[in-house]
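Undergrad: Listed here are the chains, written in short residue letters.
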Amino acid sequence: MAGFRQVNDSSTDNEGGDAKGVTQATTIEEKLFTINHDHHAETHITCIGDDRDWGNKAFEALQWACPAKVYEKGEDGALEIGWENCIECGTCQILAPDHILWVFPKGGFGIRNAHG
Amino acid sequence: MGMPAFDAVVIGAGPAGNAAAITLAKGGAKVLQVERGKAPGEKNLMGGVIYSSSLSPIVPNFWQSAPLERPVTEQNYWVTDGGSVAKFGFADSAFAESEDGPANAYTVLRAPFDKWMAGEAKKAGAMLLPATVVTDLLMEEGRVVGVATDRPNGEIPAKIVISGEGVNAFASWKAGFGKRPDPSEVALVVKEVIELPQGVLEARFGVGAGEGKTFEIFGDITQGCLGYAFLYTNKNTVSVGVGGLVTDFADLKLASYELLENVKNHSVVRPLLEGGKTLEYGGHLIPEGGYTSLPPLVSDGFLMTGDAALMVNAVHREGSNFAFASGRMAGEAALEAIASDDLSAKGLSGYRTRLEDSFILKDLKSYEGVFPFFRSRRDIMEDYPAIMTDALRSLFTVDGTAKGQKKKDLVKAVFKAKRPLALLSDLYKMWRVLGK
Ligand SMILES: Cc1cc2nc3c(=O)[nH]c(=O)nc-3n(C[C@H](O)[C@H](O)[C@H](O)COP(=O)(O)OP(=O)(O)OC[C@H]3O[C@@H](n4cnc5c(N)ncnc54)[C@H](O)[C@@H]3O)c2cc1C
Ligand code: SF4
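Keeping their order, the protein sequence lines are chains Z and G. Using our numbering, read the first sequence as starting at 1 and increasing by one per residue. Using our numbering, read the second sequence as starting at 1 and increasing by one per residue.
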């Protein structure tokens, strides 16, 4: 698609002269870094049953659908849940209610949007 | 259980919950609002545009004290296809703020806005219990008689409970009111708030101090997701976002944050954001099931409002207005029920009547077919942007072809892309679902 530039294309940084390009918060890691959290000590996301085998189609769907990259394939080839990054949208419990138990973090914990 | 200490417990301090709490407190009821965020607004996010007509009846003169970003004085709709973009816009001086009244609509940022509105509820006499999750509804013989929370000994009895829980209405679902929606009926939207020096923003977008613009961008910019991208001007930030159905991201193997990055870097968007600084990223769901999926709105001792009740018009980016108005109506009906000492569904039926007499159920009903239509005919969102930009390109290209010939070629090209009957049938169906 001709209208698109490659993600992470930094070739036009400093174009326009007023600052750096719109490359700030380019990666999901950089985006997540902009969000305030107060983490509770315990996870609010658990896997239903013990099956964390990455072969499970539901996990792959979650990997694409979660906007905070919480669901990833760990080094051991099993599902890894990076719950500290969760932005509390609820997508995972809508998409995979039979595999993931997602509840609200305890009252007062979790994300604290400054803008929203 | 003795007499409950509260006439009403309102779950949530978003637009719906705040509207209900303000209405109840102003009517003299004892109200407790329970919110899971440490402060109202911290869990929330939207585009977002609010509409004065829905907020004024709840907080008259709101525009003098609310943290509003900019009046929306111009609305734009863009359609992208490849390297082309078709642009439509509408500006009206009647959209601006004047000495006698508010603008038609304003851009807002939800964290400060919700905090302000919850403050209005407090001023009116409502109590707020923040940092508390409602985990279940208390039931007695099929009637809702209060809420359970995640606090120690956290049961709170109340005569009436109003849910303003938003799209993830876990407590209501658990108690059997409404249910988890199908993933194909929920949109996931991600956005960033990007800061620009106010002067740069105003020069780039062509807006003065009391002016603001919105842009909804359709076409291939969503990379196949059933949704659109948006740009809304705030005071010294721009809200930029994009959405699609939850199932789109999984099916297309497209991460929402990568789609957002591609939107930010699209040739029609990038120059507007160049040099900006991302202040915050976030994501949120929009329930799009609409009229056919509505949960029970009125039950014994219980009312559902706003997103929890799927009151959203996704086609027109309206949701906050449904939340404001339904929250207010729930508050009014609850006051009637308390006054007549009838807390049953019958005593609360003024809520349903108000919804039916207003734009809420009328709009939800008339847009009933729109969403299933576009879901079943995704080709419409894919083919027509191309047909439109091709036609406009041909019209605007000066290449020595006579205009009469151009028109003939154009008609030929359109019919080549869509057989005449298919085209007619599509236009008819679109008119049917959108033109009611
Ligand atoms: C990206 C995006 C852009 C949008 N843009 C627009 C727009 O431009 N214009 C428009 O009109 N609408 C827009 N909408 C829709 C609009 O945001 C919603 O319709 C509106 O916020 C609904 O209000 P609500 O009060 O029902 O729910 P919410 O705003 O979701 O509020 C629910 C509140 O309840 C709290 N809560 C939930 N569950 C519990 C619990 N169990 N215990 C305690 N507290 C709880 C939450 O923390 C939250 O504060 C947009 C939505 C999104 C996602
Ligand atoms: S709630 Fe949203 S952000 Fe959190 S894990 Fe689920 S999908 Fe990811």
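Think of the hints as simulated: they come from the structure by calculation, not from any bench. Hints may be right or wrong, so weigh each one.
Straight-line Cα separation of at most 30 Å, BS3-like style, residue types lysine-lysine; simulated pairs [stated by the list, open to error]:
| hint | chain 1 | residue 1 | chain 2 | residue 2 |
| --- | --- | --- | --- | --- |
| 1 | Z | K106 | G | K115 |
| 2 | G | K362 | Z | K106 |
| 3 | Z | K106 | G | K174 |
| 4 | G | K179 | Z | K57 |
| 5 | Z | K73 | G | K253 |
| 6 | G | K362 | Z | K69 |
| 7 | Z | K69 | G | K30 |
| 8 | G | K115 | G | K30 |
| 9 | G | K174 | G | K362 |
| 10 | Z | K69 | G | K123 |
| 11 | G | K277 | Z | K69 |
| 12 | G | K253 | Z | K57 |
| 13 | Z | K69 | G | K253 |
Pair by pair, the computed Cβ-Cβ distance ranges are [as the list claims (entries may be wrong)]:
| hint | chain 1 | residue 1 | chain 2 | residue 2 | range |
| --- | --- | --- | --- | --- | --- |
| 14 | G | A203 | Z | E84 | 49 to 57 Å |
| 15 | G | A203 | Z | G49 | 52 to 60 Å |
| 16 | G | L252 | Z | E29 | 19 to 27 Å |
| 17 | Z | E29 | G | A386 | 49 to 57 Å |
| 18 | Z | K57 | G | D100 | 58 to 66 Å |
| 19 | Z | D50 | G | E140 | 49 to 57 Å |
| 20 | Z | T27 | G | F415 | 40 to 48 Å |
| 21 | G | L421 | Z | F33 | 51 to 59 Å |
Glycine included, C-beta positions come from ideal geometry on N, C-alpha and C.
Undergrad: Hint by hint, say whether it matches the structure.
TA: Checked hints:
no., hint, in the structure
1, Z:K106 - G:K115, "holds (20 Å)"
2, G:K362 - Z:K106, "violated (38 Å)"
3, Z:K106 - G:K174, "holds (17 Å)"
4, G:K179 - Z:K57, "holds (24 Å)"
5, Z:K73 - G:K253, "holds (15 Å)"
6, G:K362 - Z:K69, "violated (39 Å)"
7, Z:K69 - G:K30, "violated (43 Å)"
8, G:K115 - G:K30, "holds (20 Å)"
9, G:K174 - G:K362, "holds (29 Å)"
10, Z:K69 - G:K123, "violated (41 Å)"
11, G:K277 - Z:K69, "holds (22 Å)"
12, G:K253 - Z:K57, "holds (12 Å)"
13, Z:K69 - G:K253, "holds (13 Å)"
14, G:A203 - Z:E84: 49 to 57 Å, "violated (40 Å)"
15, G:A203 - Z:G49: 52 to 60 Å, "holds (57 Å)"
16, G:L252 - Z:E29: 19 to 27 Å, "holds (22 Å)"
17, Z:E29 - G:A386: 49 to 57 Å, "violated (35 Å)"
18, Z:K57 - G:D100: 58 to 66 Å, "holds (59 Å)"
19, Z:D50 - G:E140: 49 to 57 Å, "violated (38 Å)"
20, Z:T27 - G:F415: 40 to 48 Å, "holds (45 Å)"
21, G:L421 - Z:F33: 51 to 59 Å, "holds (54 Å)"
In the structure shown, a violation is registered for the earlier hints numbered 2, 6, 7, 10, 14, 17, 19, in ascending order.
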